[in-house]
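Colleague: Residue numbers (our numbering), protein chains in the order written: chain A, 1 to 347; chain B, 1 to 493; chain C, 1 to 139.
Check each hint, because a few of them may be wrong.
When the alpha-carbon atoms are kept at most 30 Å apart in a straight line, the in silico BS3-like pairs for lysine-lysine are as follows [to be verified]: (1) A:Lys225 - B:Lys180; (2) A:Lys340 - A:Lys311; (3) B:Lys294 - C:Lys50; (4) B:Lys94 - C:Lys111; (5) A:Lys249 - B:Lys133; (6) B:Lys492 - C:Lys111; (7) C:Lys57 - B:Lys94; (8) B:Lys94 - C:Lys110; (9) B:Lys180 - A:Lys334; (10) C:Lys57 - B:Lys287; (11) B:Lys133 - A:Lys225; (12) B:Lys492 - C:Lys50; (13) C:Lys57 - B:Lys429; (14) A:Lys285 - A:Lys66; (15) B:Lys94 - C:Lys50; (16) B:Lys491 - C:Lys110; (17) B:Lys429 - C:Lys110.
Not close to chain C: a few residues of chain B, all C-beta gaps over 12 Å, as computed [what the hints assert, rightly or not]: (18) Ile170; (19) Ser202; (20) Asn351; (21) Thr354; (22) Leu396; (23) Thr405; (24) Lys453.
In silico contact screen, one side only, chain B against chain C (beta carbon under 8 Å); selected entries [unchecked claim]: (25) Leu157; (26) Ile161; (27) Phe165; (28) Arg187; (29) Glu221; (30) Glu290; (31) Tyr389; (32) Ile390; (33) Met411.
Derived from the structure by calculation, the hints contain no laboratory data.
By construction, the Cβ of each residue, glycine as well, lies at the ideal position given by its N, Cα and C atoms.
Given next are the chains, with one letter for each unit.
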Amino acid sequence: MTFTRRTLLAAASATAILAQPFAASAADLPKNIRMVIGSTSTGGDTYQAASIVADALSDKLGVNIKVDAVGAVNGLKALERDKRGTTIMLFHDFAYLAELYGGKGFVNPFEEYTVGATIANNPGNAYLVGANSPYQSMEDILTAAANGERVRVAIQPGGVSEIGFSAMKNAAKVRAPGSEENIVPVNTGSQSDKNQAMWDGLADVINGSIQANEQFTQLDGDDQKAMRFVWITASPETLAEAPEAGMGKLTRDDMLDYASPKTSVTLDGTQDFTFDKEFFLIFNKDMDPAMIDTIDQALAEIYEEGEIQKKETAAFFTPNFRPSAEAREHLEKKREIYKKVISDISG
Amino acid sequence: MDILSFISPLFVLLTVGGTLVGIIFGAIPGMTATMAVAVCLPVTYSLGLDNGLALLLGLYVGGISGGLVPAILLGIPGTPSSITTTLDGYPMAKAGHGEKALRIGIFASLVGGLVSLLILDLFAPTLADFAIKFSYVEKFLIILFALSVMAALSSDLLLGIFSGFLGIFISLIGTYDVTKGGNGEWRLIPPGTEYWLEQGFSLLPVLIGLFGLAAILDEAETGMKAGMSQKDVKIGQHEKFSLSIFKGQWINLIRSSCIGTFVGILPGVGGSAASILSYSNAKTFSKNPEKFGKGEPAGVMASEAGNNGLTGGALVPLLSLGIPGDSTTALLIGAFTLQGVQVGPLFIGNNPVTWDAMIFAMLIANLAMFVMMYYAIRYFAMVVTIPKYILFPVILMMCVIGAYTINYGIMFDVWTLLIFGIFGWVMTKIRLEVAPFIIGFILGPSAEVYFVKTLESFGDLTIFFTKSWIAVFLWVLIALSVGGSAYLQTKKK
Amino acid sequence: MGNLTHVTINFDTSHLIFPTLIGCILGLLGLAIVIRDRRQLAASGTHWRKILGEMDKTRFFGTLALTVIYFSAMVPVGDIWPNTGMGFLLCSIPLVAASGLLFMRDRTAKKAIPLMIVAVAAPTLVWWLFTDLFFLTLP
Numbered sequence: 001m002t003f004t005r006r007t008l009l010a011a012a013s014a015t016a017i018l019a020q021p022f023a024a025s026a027a028d029l030p031k032n033i034r035m036v037i038g039s040t041s042t043g044g045d046t047y048q049a050a051s052i053v054a055d056a057l058s059d060k061l062g063v064n065i066k067v068d069a070v071g072a073v074n075g076l077k078a079l080e081r082d083k084r085g086t087t088i089m090l091f092h093d094f095a096y097l098a099e100l101y102g103g104k105g106f107v108n109p110f111e112e113y114t115v116g117a118t119i120a121n122n123p124g125n126a127y128l129v130g131a132n133s134p135y136q137s138m139e140d141i142l143t144a145a146a147n148g149e150r151v152r153v154a155i156q157p158g159g160v161s162e163i164g165f166s167a168m169k170n171a172a173k174v175r176a177p178g179s180e181e182n183i184v185p186v187n188t189g190s191q192s193d194k195n196q197a198m199w200d201g202l203a204d205v206i207n208g209s210i211q212a213n214e215q216f217t218q219l220d221g222d223d224q225k226a227m228r229f230v231w232i233t234a235s236p237e238t239l240a241e242a243p244e245a246g247m248g249k250l251t252r253d254d255m256l257d258y259a260s261p262k263t264s265v266t267l268d269g270t271q272d273f274t275f276d277k278e279f280f281l282i283f284n285k286d287m288d289p290a291m292i293d294t295i296d297q298a299l300a301e302i303y304e305e306g307e308i309q310k311k312e313t314a315a316f317f318t319p320n321f322r323p324s325a326e327a328r329e330h331l332e333k334k335r336e337i338y339k340k341v342i343s344d345i346s347g
Numbered sequence: 001m002d003i004l005s006f007i008s009p010l011f012v013l014l015t016v017g018g019t020l021v022g023i024i025f026g027a028i029p030g031m032t033a034t035m036a037v038a039v040c041l042p043v044t045y046s047l048g049l050d051n052g053l054a055l056l057l058g059l060y061v062g063g064i065s066g067g068l069v070p071a072i073l074l075g076i077p078g079t080p081s082s083i084t085t086t087l088d089g090y091p092m093a094k095a096g097h098g099e100k101a102l103r104i105g106i107f108a109s110l111v112g113g114l115v116s117l118l119i120l121d122l123f124a125p126t127l128a129d130f131a132i133k134f135s136y137v138e139k140f141l142i143i144l145f146a147l148s149v150m151a152a153l154s155s156d157l158l159l160g161i162f163s164g165f166l167g168i169f170i171s172l173i174g175t176y177d178v179t180k181g182g183n184g185e186w187r188l189i190p191p192g193t194e195y196w197l198e199q200g201f202s203l204l205p206v207l208i209g210l211f212g213l214a215a216i217l218d219e220a221e222t223g224m225k226a227g228m229s230q231k232d233v234k235i236g237q238h239e240k241f242s243l244s245i246f247k248g249q250w251i252n253l254i255r256s257s258c259i260g261t262f263v264g265i266l267p268g269v270g271g272s273a274a275s276i277l278s279y280s281n282a283k284t285f286s287k288n289p290e291k292f293g294k295g296e297p298a299g300v301m302a303s304e305a306g307n308n309g310l311t312g313g314a315l316v317p318l319l320s321l322g323i324p325g326d327s328t329t330a331l332l333i334g335a336f337t338l339q340g341v342q343v344g345p346l347f348i349g350n351n352p353v354t355w356d357a358m359i360f361a362m363l364i365a366n367l368a369m370f371v372m373m374y375y376a377i378r379y380f381a382m383v384v385t386i387p388k389y390i391l392f393p394v395i396l397m398m399c400v401i402g403a404y405t406i407n408y409g410i411m412f413d414v415w416t417l418l419i420f421g422i423f424g425w426v427m428t429k430i431r432l433e434v435a436p437f438i439i440g441f442i443l444g445p446s447a448e449v450y451f452v453k454t455l456e457s458f459g460d461l462t463i464f465f466t467k468s469w470i471a472v473f474l475w476v477l478i479a480l481s482v483g484g485s486a487y488l489q490t491k492k493k
Numbered sequence: 001m002g003n004l005t006h007v008t009i010n011f012d013t014s015h016l017i018f019p020t021l022i023g024c025i026l027g028l029l030g031l032a033i034v035i036r037d038r039r040q041l042a043a044s045g046t047h048w049r050k051i052l053g054e055m056d057k058t059r060f061f062g063t064l065a066l067t068v069i070y071f072s073a074m075v076p077v078g079d080i081w082p083n084t085g086m087g088f089l090l091c092s093i094p095l096v097a098a099s100g101l102l103f104m105r106d107r108t109a110k111k112a113i114p115l116m117i118v119a120v121a122a123p124t125l126v127w128w129l130f131t132d133l134f135f136l137t138l139p
């Protein structure tokens, strides 16, 4: 069945031809577009988000869009070299967080590139403790820190995995200045390293995700591998979009228990900190704005039709389309909040 | 198991077709099983879970197995896990026993695949619980053990070990990778080359540069003499092949399969370590270790049984913890999420049908691999009779494809090919050794992370010896391996 | 022995630990090699002169030159038709043909014809296979 792919493509292009011609006023996109992503994995969430949107755009616009998992650094480089719109990028909040955390070689994407539409959230970013942990909630963890207890949190430094940790430190500082010193990072890599850090007794809390860790929370308490959720960083608005059945035994209502406002990690004493991992498009700074408009319009129609939402929800994404201008404003605001959090705790 | 619930002609066809495509990918230098799975992953969406997995597992088994063909016939490892196959397979082919080497390799692959499948089927959850006892310390020692094979592969101990450490050193160039637990800082990048070397050199281009392009340069230097002609290769004059060649080697085969499976079970240790460790063990426990590296069939057996043993092993943590055992199984997670199936510690219990389907697909894939490759050997073996002036230009082109596509389109990877092609050629001229170099290069990054993380977490050097009985056992193995090589070296003199 | 074996790692500079360690070992091994093989090292000039003297310079440097041209041309050519893999296809055909002719000893038309067929067929097949069927990016 090696020709399945070809058959599929043929079918896809046939559909594209039959579909109503796209609004003629907009600029034509190149026939063959390469969508680079900020991850090197073709099995990960970025790749899935990218392929869902690439398929929909190909059908809508009648062009070929190929997703290439080249990774953050190489993706941004490829984007920088190509002004013609033949290379576009899909990435998530790491794009600006990397620069905020001082990641070597990373720049502010809002200045060096053109940030485009947001397409989906992954609401899964979460923090967990071992099943036998003395900590029942974030409240316990922050109180422990305030009482001078050292809480070790396993994260992958420099991006999405660290931002929730920074928020914990920030909350500790707001609640009891100085207690943020008691929340210490255990710098690890992949999810398997983070889990392992907990099982080895090197970490009290780990960063994880609903998707990857939910089954561990179903294990018996006496199993060394058993875990409990303590915090889901997504905003309540995002979680409201998640499927009601949730993931595994964790329903949407359960998720809301672990998220703001029920589980509060404060930002400044009045508001809660939340973090949605959002996927958005990035373009070369000198790419023809008319092409970006074309993509925005096509996406608007795609989301209007409603098919893509079903696909995204099925893959545990929550759809959140915002056209470029709106997305830029939203993401820049988000960046400002996190910038302050990061500078407050390092200050 | 209720086979009828998932098995269908389509299921079998997909497995067999996947295996075939996998073999082709594996046989092309620079194309790997991972890549085969990656390009076919999106197709599985429309196939449904069981059929999709059938295709992907076929690709996986085929891709790992196909690597032995160019490793034996051309001396170019088709995938990193067939490096140790090259060490004895290529000398065998040069001596005119290419067909025999292929048959040995394919049979050993089958044994490795089946043993690991059996282990997977019977012990998956138990083994996963055992695997999580391996912390940074034990993983570092496993890597150190694999590195100790550098000594065994050296013809001149001092120069060989120097080459190995040079390989480690060069592998560290670039960023201390955050996804492995590093801090994202750069090191060892010569000033002015940051733009290209920020991410360091990729393994695949280095590998095919050192083995593929360097071989072409070497031939060009000596003027592309006719060299190996049809006469030298005993094509068609069916060399007698019977299972008797495996006499006295069953222990080797089973041990190598188990080592491969075990390495697969440990997340993060990496697939290439499987065949390296099997090879090193086979040499340590062999009655005539001095023959290794000169065309010893036992070396081919160990390497191939080891890398196919990996296939079942790598599925253990995937299916019983939701953690991939190697880069290919990491992609399988994508196949599950595409279908909305959760992987984790409850996977097997929650999805008994899919679990059976996977075991069954692996079984079909292994058998299909064996049958297809066994009967295609004669055609494979003819590769070496193609005149060099046609063969080498095509190999060069294929190396470029492999290098360019391995990271989905990075031109620097193609230049890496050239850099290491020239470097490989120079190395042989100054008597540095390629095999220890590449092993150092492959294992260097893991050795670094596990070493530094051990010290970071435990803060004490004694932990390497005192962590657990596993650590002590690993030290014994390391001592045996190093001691064995040292003994051989002195005996040689 | 507590203190002797105790180490504290600063995460911010932890990227230098292993390179330093390996660098030191490499230095020591290098020193040992220099001491042991000093005679051969002193004679390395003649060693290389011998290699250069005996090599087939046309084929060796020809291969290098063709490879460099091939790699350099691929991206600019591919950029004319972005993301179609044309750069690979249009550069590989002349490369296979030219390097084949370079590698061929006593060139005859009888040998050149199959080469030319391969030079056109192999890149085309490979290009079709990877860009069309497997949907991979080529230059």
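Colleague: Now tell me, hint by hint, if it's right for this structure.
Modeller: Now for the hints, and whether the structure bears them out:
The straight-line distance between the Cα atoms of A:Lys225 and B:Lys180 is roughly 21 Å, inside the 30 Å bound, and the hint therefore holds. About 35 Å separates the Cα atoms of A:Lys340 and A:Lys311, which puts this hinted pair outside 30 Å; it is violated. A distance of roughly 27 Å separates the Cα atoms of B:Lys294 and C:Lys50; the hinted pair therefore holds under the 30 Å criterion. For the suggested pair B:Lys94 and C:Lys111, the alpha carbons sit about 25 Å apart, so the restraint of at most 30 Å is met.
As the CA atoms of A:Lys249 and B:Lys133 are separated by approximately 27 Å, the hinted pair is consistent with the 30 Å bound. With a CA separation close to 47 Å, the supplied pair B:Lys492 and C:Lys111 exceeds the 30 Å bound. Under the criterion of a C-alpha separation no larger than 30 Å, the hint pairing C:Lys57 with B:Lys94 is consistent with the structure, at around 25 Å. Proposed proximity of B:Lys94 and C:Lys110 is supported: the alpha carbons are some 28 Å apart, at most 30 Å.
About 27 Å separates the Cα atoms of B:Lys180 and A:Lys334, which keeps this hinted pair within 30 Å; it holds. About 45 Å separates the Cα atoms of C:Lys57 and B:Lys287, which puts this hinted pair outside 30 Å; it is violated. A C-alpha spacing of about 11 Å is found between B:Lys133 and A:Lys225, which places the hinted pair at or below 30 Å, so the restraint holds. Straight-line distance between C-alpha atoms of B:Lys492 and C:Lys50 comes to about 29 Å, which keeps the hinted pair within the 30 Å bound.
Note on C:Lys57 and B:Lys429: the hinted pairing holds, with a Cα-Cα distance of about 16 Å set against a maximum of 30 Å. Between the alpha carbons of A:Lys285 and A:Lys66 the distance comes to roughly 21 Å, so the proposed pair stays at or under 30 Å and holds. Restraint check: the Cα-Cα separation between B:Lys94 and C:Lys50 comes to about 26 Å, which is no more than 30 Å; the hinted pair holds. Between B:Lys491 and C:Lys110, the direct Cα distance comes to roughly 53 Å. Violation of the 30 Å bound is thereby established for this hinted pair.
For the hint linking B:Lys429 to C:Lys110, the alpha-carbon distance of about 36 Å lies beyond 30 Å, and the restraint is violated. A beta-carbon of chain C is positioned within 12 Å of the beta-carbon of B:Ile170; the least distance is around 10 Å. Taking the minimum C-beta to C-beta distance to chain C, about 15 Å, the non-interface status of B:Ser202 holds against the 12 Å cut. Every C-beta of chain C lies more than 12 Å from that of B:Asn351, the closest at about 29 Å, which supports listing it as non-interface.
Remark: the non-interface label on B:Thr354 is consistent with the geometry, its nearest Cβ contact in chain C lying 26 Å away (cut-off 12 Å). The beta carbon of B:Leu396 sits about 7 Å from the closest Cβ of chain C, which is not more than 12 Å, so the claim that it is off the interface is violated. Its closest Cβ contact with chain C, about 5 Å, brings B:Thr405 to no more than 12 Å, contrary to its assignment away from the interface. A Cβ of chain C approaches the Cβ of B:Lys453 within 12 Å, the least distance being about 9 Å, so the stated non-interface status is violated.
For B:Leu157, the interface hint is violated, since its Cβ never comes within 8 Å of a Cβ in chain C; the closest pair sits about 10 Å apart. With 8 Å as the threshold, the beta carbon of B:Ile161 comes within range of chain C, its nearest partner Cβ sitting at about 6 Å, so the hint holds. Here the hint on B:Phe165 is kept, as its CB sits about 5 Å from the closest CB of chain C, short of 8 Å. Hint status for B:Arg187 relative to chain C: holds, with the closest Cβ pair at about 5 Å, below 8 Å.
For B:Glu221, the interface hint holds, the least distance from its beta-carbon to any beta-carbon of chain C being 5 Å, beneath 8 Å. The restraint placing B:Glu290 at the interface with chain C is violated, with a minimum CB-CB distance near 23 Å, outside the 8 Å limit. The interface hint given for B:Tyr389 holds, since its Cβ lies 4 Å from the closest Cβ of chain C, which is under the 8 Å cut-off. Among the interface hints, the one on B:Ile390 holds; its C-beta lies about 5 Å from the nearest C-beta in chain C, closer than the 8 Å criterion.
Checking B:Met411 against chain C by beta carbon gives a least distance of about 6 Å; that is within 8 Å, so the hint holds.
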